[in-house]
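Starting from the structure of chain E, add chain B where the hints point.
Line by line, the protein sequences give chains E and B.
Quick note on the numbering used here: the first sequence kicks off at 19 and runs consecutively.
Quick note on the numbering used here: the second sequence kicks off at 19 and runs consecutively.
Bear in mind the hints are in silico, worked out from the structure with no lab data behind them.
Not one of these hints is a red herring.
Identical copies go unnamed one by one, so any copy, or any two together, can satisfy a pair.
Below, simulated BS3-like cross-link-like pairs (lysine-lysine); rule was C-alpha separation at most 30 angstroms, straight line:
1) 426 x 232
2) 214 x 232
3) 171 x 232
4) 232 x 337
5) 40 x 337
6) 300 x 261
7) 232 x 79
2 protein chains.
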Amino acid sequence: MTTKTVQDVTALGLAARNASRKLARLSTEDKNRVLLNLVELLRSDQAGVLAANAEDYQEAKADGLDESILDRLLLTSERLNGTADELQRVAELPDPIGEVIETTSLPNGLVTSRRRVPLGVVGSIYESRPNVTVDIFGLCLKSGNACILRGGKETIRSNTALVALLRKALTDAGVTTDAVQFLDNPDRALVDAMLKMNEYIDLLVPRGGASLVKFVAENATMPAVTGGIGVCHTYVDRAADLKMAVKIVHNAKVRRPSICNALDTVLVHAEIAADGLPLIAKELTASGVELHCDNRALSILGPDAPDLALPASEDDWGKEFLSLTAAVKVVDSLDDALEHIETYGSGHSEAIITEDDSAANRFLDEVDAAAVYVNASTQFTDGGQFGLGAEVGISTQKFHARGPMGLKELTSYKWVIVGQGQIRP
Amino acid sequence: MTTKTVQDVTALGLAARNASRKLARLSTEDKNRVLLNLVELLRSDQAGVLAANAEDYQEAKADGLDESILDRLLLTSERLNGTADELQRVAELPDPIGEVIETTSLPNGLVTSRRRVPLGVVGSIYESRPNVTVDIFGLCLKSGNACILRGGKETIRSNTALVALLRKALTDAGVTTDAVQFLDNPDRALVDAMLKMNEYIDLLVPRGGASLVKFVAENATMPAVTGGIGVCHTYVDRAADLKMAVKIVHNAKVRRPSICNALDTVLVHAEIAADGLPLIAKELTASGVELHCDNRALSILGPDAPDLALPASEDDWGKEFLSLTAAVKVVDSLDDALEHIETYGSGHSEAIITEDDSAANRFLDEVDAAAVYVNASTQFTDGGQFGLGAEVGISTQKFHARGPMGLKELTSYKWVIVGQGQIRP
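The following block holds chain E by itself, in its conformation from the complex (with noise of 0.2 angstroms):
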């Protein structure tokens, strides 16, 4: 059935909270029996989903869209095995529902204690990349909570054939199919519907760009998760290990330049700028990386800089260049750094590079980010990396969930409370 109309959307809203309230009861071994069915069938019953993929993506080649685009949205069996990989890490991850987060045993006998509970119903917003599908999904299921999944249009047929398997999943389990509700209709109108839902939504989780994730937190009615933008800069200290300064802002610009941990902008103190610069632009460079530098990174460089470095402009301190570019910049001391950070920063992903404890203490207590690290590559900041297993997203926000956004990150808690008879007096 399509989706046609807003009243078809609510009708999913409604379908997903009744859905809700029984997965919250869900045995964590149904669960499971619901994840490794589909890990079996992303495994073994691959036509479908790389039939329907290829039409999106031959429709997206002939629109015209980016490399990057065409590149995320493209399944292959091998990704689809990868995929698959994750939700069995998923299954294997504890179920977080139900766990007792703190029990206290009031004066009065009272036995008060938190239980964690699903959120309820999850829905998500997204763009480009189908795995989501699956990756939110599972995510929702094992936490507890059903989902509303509605995809990018340029991704409907993949999406719409994962969502056969997600079905037949939950059906081999005897699981209700209504935990999890797709909006197959790509039509504008139906998400500022499900934008409306606050009845029927307890957390919105966009994933995509800079301006669905804005989109989103503006007309959202319900939660939203605010994050997936990183503005991350690594501040070479004067007390830095070149050696590893050099290695640690390479790995943190080119291991992946388009996600949203990646190194935007490195800070160099001025006293080792003069040994530290040249080497590291000199790594970045032959990666490709184009460097634009303030001036007396440029003069430091000198005469023999290489030709991808180039003059900085203001709007390069703040811009998230999610491609083979950084700016660079000469500060006079660490505060001059955590200014900058301060001032440009996303609060996302900050590093300082430093052997002096203080430094790397202060770099730590005062910079305000969802991930801040001492001598380590921001791409780190992951929920796979951090030991959650796996993520929906990161928040960039400092209410309910901040950094990776994994199983527990998708729970609330009640408050249980046992007596014999008290009264309040």
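Leaving out everything else, chain B in the frame of chain E:
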């Protein structure tokens, strides 16, 4: 200085934001010094506050405000001492800031931990009770947050006098008075401006009636607490200890009928209604409680029913009475009770009275509310009673915090990652 324009409100926001960066790093000793200074001032320097409050009171009386509002806005020496006592307890609570929530050593040698940090700036919009000025300030300061306060226009003089004490307590401890920002102009347009300042306010806490909470939820551009509204049920199961049921139902309604955790509806299992309902009704009506009964309850109470037993109308279910009125309904089963609560409850506090463990467990599992009780009065839902020391309010939403919000619920965390040169493969 009086706040007159939207620009003035923005200036308060900026000042709070700047102060919040300092407060985040304030020592526990400095924070407690401010709080204990204020405890002392509230006990020994009451004249100015009481005089200002007398003026507010006279004006409110002349304006013909309700007895209940007059009572809430009245300050007495005893009430100020009570507020001071509560503040002293906040000073004695452990400082949540800097707490390391979890530390993990990853296989690659990275050590990740989550460190508790303040939210930043907390805004509060509240009505009538001037002690909220002190309560919110105390909890915000102890949790390292700056606050922006906007009290009701009926208590503007009282709040102005109290804020003078807050500022003196800050100054005497050498802490910036920008830690508290006070909107000393009751103009509603300035509240609208406050609701738009998501750049400067991290969390908004409305304290007041349902219409205020709804207005804030719908118009705030930053996260806001939804709560403080409770349609609370107590279900007397067929396996209830009737003597206990009578005592708990009476306490849940009568102890303080005007607060959000007070009982609104009693549900009584049909099998024990003939024995139990008359006992419950007798005890409630003896305290002046008017009972709005469904037909079965009325017929059980029969011709000897107390005068205060009246027929219920449909809108009695789901109503928050906040007075000496209760709705009464006979149900055929635990399932019927659960369904009634799901339909009409507001997700605040719900109780079952039973000696049957399996009924108790189903109730605790299946009722979706901030606080679920077995054999105790719902009036216990309170930060102080739950061992949080104090509360800024009671949340009925699932995002971030649910139930009473104390110091920890005014915090976020940052991921801290310490490496020795790790790069991501």
